[in-house]
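Novice: Sequence:
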Amino acid sequence: MIGALIFTSCRKAVTNPEDILPNVETTDAFVGTDGLFTITGTIISTGTSDLNHLGGCYDSDGNPTMLDNQMAYYSISGDDFTVKYTDFPSSSTVYCRVWATNKNSYAYGEILKVDNLIIPDVTAPCTPTTNTIDMGDGFGEFNMYTVTSPSGGTCYAEANNSRALTFEFSSTPTTKIYTTTTNTPGSDDVRITVAVNSITEYALSGYSVYVNQLGTNEWNIQLCDVGWSPFSSTYNIVADINYPF
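The numbering of the sequence shown is this note's numbering, which starts it at -2 and goes up by one.
If you're looking for bench data, these hints aren't it; they were derived computationally from the structure.
Distance windows between CB atoms, simulated: (1) Glu107 / Gly150: 32 to 40 Å; (2) Gly183 / Glu107: 32 to 40 Å; (3) Ser159 / Leu211: 22 to 30 Å.
Derived pair list, reagent style EDC-like, types lysine to aspartate or glutamate, alpha-carbon separation capped at 20 Å: (4) Lys81 / Asp186; (5) Lys110 / Asp58; (6) Lys81 / Asp65.
Heads up, the beta-carbon is just placed ideally off N, CA and C, and yes, glycines get one too.
Using the sequences plus the hints, can you model the full thing?
Specialist: Next up, the structure:
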């Protein structure tokens, strides 16, 4: 599951048998702008031995146990830790909590109820004209000609004057800030093929792409200065693309 976590502790007599167990607190649960369901926790005590594992769990019935959608911790800083889920039941009510184990046994934090796991809209730092592409090559904005649905992970957007973008997501995109890559995209990535007349290049890696899923089969994709390099020159793409067009 994960490697052992190392915390300093000393053995001492306990008056309460529960003191031999870890003590953790569930502090928050929410869907962040990264599109992930996040549970946060705090380590109050490791008990009478070092911690072995930390994590979170959730269910829809109100009493999540460790094996219900079990997830090990994502990051830890001091006594605070986070658990993150890529897949979760959007628009549902869930109950969640954190857990911890030491060599004696395991313990849970408090149960939190989370209503309506709706991913908050992401906001791009630019405001391109709706349904236009500007390839950054000095020719300005061109109006969209056709857009295909991102359902399934691939979306094609073509504008006038033979300008097109092909977006490759690892699966049907959701509301999230994705990062461009030139490799096969992972869950947080998008690979963009840029085509201008006979020129075809991948967009450069490391740029943000802002996606909002507006409905069951509706999306908006915005690019703000996404780099691409034809002929060893770097241009920056600005675009606002709606589906349905």
